[in-house]
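**Q** Chains as they are written, first to last, in my numbering: chain A, 1 to 295; chain B, 1 to 363.
Simulated from the structure, these hints should not be mistaken for laboratory data.
Hints are supplied without guarantee of correctness; some may be wrong.
[Unchecked claim] Listed next, with one range per pair, are the computed distances between beta-carbon atoms: (1) Glu292/B <-> Asp180/A: 51 to 61 Å; (2) Ala90/A <-> Pro173/B: 35 to 45 Å; (3) Phe197/A <-> Asp158/B: 23 to 33 Å; (4) Ile22/A <-> Gly139/B: 36 to 46 Å; (5) Lys110/B <-> Asp180/A: 20 to 30 Å; (6) Gly139/B <-> Phe45/A: 48 to 58 Å.
Positions of the beta carbon are idealized from the N, C-alpha and C atoms, including for glycine.
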Amino acid sequence: MEKTWNNKAWFFVTPVLVLVAISAVIPLMTVVNYAFQDTFGNNAFFWAGTSWFEEVLTSERFHSALVRNLIFSGIILAIEVPLGILVALAMPRKGFWVPVCLVLMALPLLIPWNVVGTIWQVFARTDIGLLGATVSGLGIDYNYVQNPLDAWITVVVMDVWHWTSLVVLLCYAGLVSIPDAYYQAAKIDGASRWAVFRYIQLPKMGRVLLIAVLLRFMDSFMIYTEPFVVTGGGPGNSTTFLSIDLVKLAIGQFNLGEAAAMSLIYFLIILTLSYVFYTVMTNVGVEKPQKGGDA
Amino acid sequence: MARIRLDHIRHAYTPELARAGNFALNNIDTAFEDGGAYALLGPSGCGKTTLLNIISGLLTPSEGHVYFDRTDVTLLTPEARNIAQVFQFPVIYDTMTVAENLAFPLKNRKVEAREIERRVADMLKRIGLADKAGRKARGLTADEKQKISLGRGLVRSDVNAILFDEPLTVIDPHMKWQLRSELKQLHREFEMTMVYVTHDQTEALTFADKVVVMYDGEVVQIGTPEELFERPQHTFVGYFIGSPGMNVLPCRIEGGEAIVAGERVALPGHSGERRSEKTELGIRPEFVGVVERGQPGAMPVTIEKVEDIGSERIVRARLGGERVTAIVREGASVPGDAAVTFDPNALNLYENSRLVARSGGAA
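So that you can see chain A by itself, here it is in the shape it has in the complex:
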């Protein structure tokens, strides 16, 4: 078939290209620029090849930040997804309490991130914070400023408080879209509460759960503001996640080349992991093509 050539198409495509260029490509290229060169200011650049990348990839510091971040994302996904599903299941489907619940759920999402950090920083303080003072008042040795485990618990609880709502709202949207007939049929088939969840609610929530997991993974993997405000990455380096480390490297130490290389690696890791999540989750439960081709 002859291909149709129509130069008018450029007219429609150009605005998008320009926008994407300004918002993504050009800034990214600046980073690429720094990642392959060395500079001492004055706009003087020296070709550095892949040495920055080698430095990042072999750096102990990068490895530990990466591991910390993976553990953090793993923990909050393991808590927020099941918890979000449970809360969504417990929410009313109709009546007066629906809007009340929805608004209450949405509240943490509306608070600016550094405010969330500040709230928890104060909340968890052992001298004046309600939570911190209560916990130490109970005789538990809790101090997020000095104890790494306490710092981790604080950051994880804060993230759960802040972001579980998102999972709840997405799951709830998935749940209310299930027609009543499914529940009625399950009743007639004599299905238990667990079977209803396992064979009706969970499969019907699959799509939104995928979105929830992706969003929560990406966000938690890029987390910066809240731990930065609460712990500043400490004590020591115990809550220094990748983005905090990156900022330290770029702004604190002014090591632009290594920071740029790290940004690119960081970006590629998120992209790859998101892709893996997406592929795995969309393929779960989808039948493989059968021989005979009766599809």
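Fit chain B to the supplied structure of chain A, relying on the hints for placement.
**A** Relative to chain A, chain B alone:
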């Protein structure tokens, strides 16, 4: 299997509606014999689905009782009633295979594994999905999915009744006929009580031995398709069943004759008594003749439209202020100066919409 008896059922969805006297179902008192094929027929919003859900136990009626044989099941759950229900939109368990779908109700009832296997294999054959047993159910067509829903009901061979809530709505027209006759076939094989809700008269009349016509929360007539056609007990049945529906003409009664739009129509066998304010004369279009004016007994009409539907023609006319529809054979001429005659043996007289007399016998 059981005889289902509905004892003075009334239902309102909320207490407020009940206080306002706004009942979705009003005094339903009827029975479905064991092994019968019934259709609940009526327009949208007449309470068919409500009634079905009361039978299945998804709803508990505000008043009245439901009996399966001698047992009062009014307060029992659907599971305890042991009925099966097929819904308007096919309900299948997406993540299971076809065979697992069919096994699901048996597994929930802790049937022995070997027995499950045997019954599922048998049901797969009966619903014609044996070659797709191992496939995931989500990729199937609507009619296959609906067959799975049906199979999930039938696989429990001891169900008391199987209920259908407009099960063919989402099925392609050419599949509808086939599925319906397969249903009929299954009914003959299993001899189960089947109740089939529909607003499609063809579906109701072809599926059921007995059709229950509902209107505005009440059962207006229960009868064979023939009875519904020939002896509509209520003007609603008259115009809801038949295509086009029965002509219902307001009239006055005077000495054994009905006066319709100024014309006199003899009512053989009618005493001439006038008992109610609202009297109507009903006659099916099949029994309205279209003739030249001037013939004895013919009432002059103006023809508004003649629709050719292939096998016959539908004449829409006006008799005085009233609309009259007639069906004439294909090829018969429709005179320009037309008049209509009513077959004296096919006249029905209604008072307050209920049949009080019909020519050729009392109502």
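**Q** Work down the list of hints and note, for each, if the structure agrees.
**A** Verification of the hints:
Range check, glutamate 292/B to aspartate 180/A: about 59 Å between beta-carbon atoms, so the 51 to 61 Å window is met. The supplied range of 35 to 45 Å is met by alanine 90/A and proline 173/B, whose beta-carbon atoms lie about 44 Å from each other. Separated by about 27 Å at the C-beta atoms, phenylalanine 197/A and aspartate 158/B satisfy the suggested range of 23 to 33 Å. Taking the beta carbon of each, isoleucine 22/A and glycine 139/B are about 44 Å apart, inside 36 to 46 Å as hinted.
At about 27 Å, the CB distance of lysine 110/B to aspartate 180/A agrees with the hint of 20 to 30 Å. The beta-carbon spacing between glycine 139/B and phenylalanine 45/A, approximately 57 Å, falls within the hinted interval of 48 to 58 Å.
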